[in-house]
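Q: Quick note, the sequences are listed as chains A and B, same order. Residue 0 is where the first sequence starts when you use numbering that gives the first Met the number 0, and the numbers rise one by one after that. Residue 0 is where the second sequence starts when you use numbering that gives the first Met the number 0, and the numbers rise one by one after that.
Any given hint could be a false lead.
[Claimed, not checked] Mimicking DMTMM-like on lysine to aspartate or glutamate, the simulated pairs with C-alpha atoms at most 20 Å apart in a straight line are:
#	chain 1	residue 1	chain 2	residue 2
1	B	206	A	71
2	A	137	B	193
3	A	134	B	193
[Unchecked claim] Residues from chain B that face chain A, not an exhaustive set, calculated with beta carbons under 10 Å:
#	residue
4	1
5	3
6	7
7	10
8	11
9	14
10	18
11	19
12	196
13	203
Simulated from the structure, these hints should not be mistaken for lab results. Keep in mind that this is a model prediction, so the values were computed, not measured. Ideal Cβ positions, reconstructed from N, Cα and C, are used throughout, including at glycine.
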Amino acid sequence: MNEKSIVVENLTYKYGTLLAVDHIVFSVGRGEILGFLGPNGAGKTTTVKMLTGQLRPLAGRALLLGHDVVKETAIVKSQIGVCFEQTNLYEQMSALENLNLFAQLFGVNKFDGVDLLKRVGLTGREKDKVANYSKGMKQRLMVARSLVNTPQIIFMDEPTAGLDPVSSEAIDNLILEERQRGATIFLTTHDMWEADKLCDRVAFMNQGKIVALDTPRNLKQRYGKRNLIVELMGKDGRLEKQEIGMDLPSTPGVVGALFQEKKVVTVHSEEATLEDIFIQVTGRRLVE
Amino acid sequence: MNTRNIRALMRKDIALFINNRFYMLLTVIGLVCYIGLYFVLPSNVDENLSLAMYAPEMPPVFNQLTSQPGTAVQIFSSETGLKQSILDGNYQAGVVLPSDIMEIWNHGGIPVITVYYNSGAPPEVTTAIVALVKELSYAQTGQVLQFDTTGEVLGNDLLGAQIPLRDRMRPLLVVFILLMETLSVASLIAVEIEQGTARAILTTPLKVSDLFLAKGILGVGLAFGQGILFMALVGGFNHLPLLMLTTLLIGSFMVVGIGFFLASVTRDVMSVTGWGTLVLVLLAIPGIGMIIPGLISGWAKLIPSYYLTDAVSRIANYGAGWRDAITNLGILTGFSIIMFWAGMVILRRRYL
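Pulled out of the complex, with its shape left as it was, chain A reads as follows (with noise of 0.2 Å):
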């Protein structure tokens, strides 16, 4: 992951005088998955569309693979691939139509995309009007439009939102698999778990500036703290619920004691979330 496939340099933008990026400095190396995280308003729409060629900063540059985002869009643009949040297909032509003009735009000549709906499960429904598709296909086929130009770097934003468990975990390995082909994954999301699943990196933005950058691993180190829950049994016959700090010196006598003098019933450890640690280093929720 040495080489860097998004570089970030003071990028910044405002609307009026709200200032929606504030000189954000980040870089994704190439095969990465990182997440932004952060809650509505934070500017992590306004950054995606910067790094897309859909806005223009009002300082500072980003480098797609090495192109600079503004002075070379077309070629970045022929590299990348973006999941919109919202679903914006042509509902009115099928999904094998909708992934062919695509293909064409970005001239692609062999394409198949046949194989590609048959990577997202749309198999058999190819020629399928898609307003006649579930909000879960249409997501489905969303992120295949993504991918049709075999992009370096792709683009998703919440790509997972409001869909059940299965729509959700097809996207999800096909973000793994693609990561696995080579592919920059700049992933933005509101869900800490797919997050913390999915991502080698987190970044979290508030109020226009990345306030936290790291793995979840290490953010969790740096700003959480580790419990153990354990449960007892008291004297009356109910549970009785007890904190241990996992790292003080004092803990293994602490659980040695406990484990002599009163009836253990279960024992948890307990890490903190990337939501937490949101909430601790920017005082907000992540979904408010």
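Start from chain A and add chain B according to the hints.
A: What follows is chain B alone, placed relative to chain A:
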């Protein structure tokens, strides 16, 4: 300009246009109805003489005019009222008798009768009126009395070139056909923006200018094709076909330019339909004015479609040439460029 991308977008839009039953039906039914309407309208001119008359002192026998076969005469109480009514197209001609006509005749003089003609009145009207007045004066006095006439044409002088109603409607119908594409193009753009597909296709190497070009070419092609079909079926290319084709092409640019502008200032397909209908009614006014002389006056020249309707009418119905139509075509071209430019700038700033 990437022709491959433009072709791909046009193929997609044609497929969507054909699959959109509303617009497809509107286009086909509109075209069939307008062509049908042309052929059911009368192809000949009315040979009855509709006459207005004013005389401060009406000779008694002139009252017989109202019962003359083939003649519809209305007596007016003022010369001004008579002139306005002729100008409005209610009468082919109007006769104004001098107040002292009987006294002049009694003294063996020759009175001067003023005749006002509607611009579309046939040349036979003059002869018919002279014959009619001679006959009545003979009936009044028992001898052939002499009189002179002085004539004035009200409105554009089209004497001798009377046009059947259906040919007078031809400019209106072809403008209607072209105008339908204003709504189609505006809707095609509005749908792309409303459904977010414009944003999606612009994450590919497609340029915004290519997107506009694809929409523009398709819109102009659809309008121009329908305009040609209509004019070919109704004999609109009998005189200077190249000039007529140029006029239709510029007219197609105009309606598509208006479509771009309409899409840029509205929010969605619903508002395109609402505002678009209002715009179509406004743009249709000059065409309606062509079939009802006197309905519109100078203010109609503020409506850009006036220059299209006027050019089509003059070329198809009155044998106008390049020199006659060039001003109209210039104004239309200028207006179309402004509409395209404004539409594209606003669309880019608002959405893309």
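Q: So, for every hint listed, does it hold in this structure?
A: Checked hints:
1. B:206 / A:71: Judged against 20 Å, a Cα distance of about 13 Å means the pair holds.
2. A:137 / B:193: holds (17 Å)
3. A:134 / B:193: holds (18 Å)
4. 1: Holds, because the Cβ-Cβ distance from residue 1 of chain B to chain A comes to roughly 9 Å (cut-off 10 Å).
5. 3: holds (7 Å)
6. 7: holds (4 Å)
7. 10: holds (8 Å)
8. 11: holds (5 Å)
9. 14: Holds, because the Cβ-Cβ distance from residue 14 of chain B to chain A comes to roughly 7 Å (cut-off 10 Å).
10. 18: holds (5 Å)
11. 19: At about 7 Å, which falls below the 10 Å cut-off, the nearest Cβ of chain A leaves the hint on residue 19 of chain B intact, so it holds.
12. 196: holds (5 Å)
13. 203: holds (4 Å)
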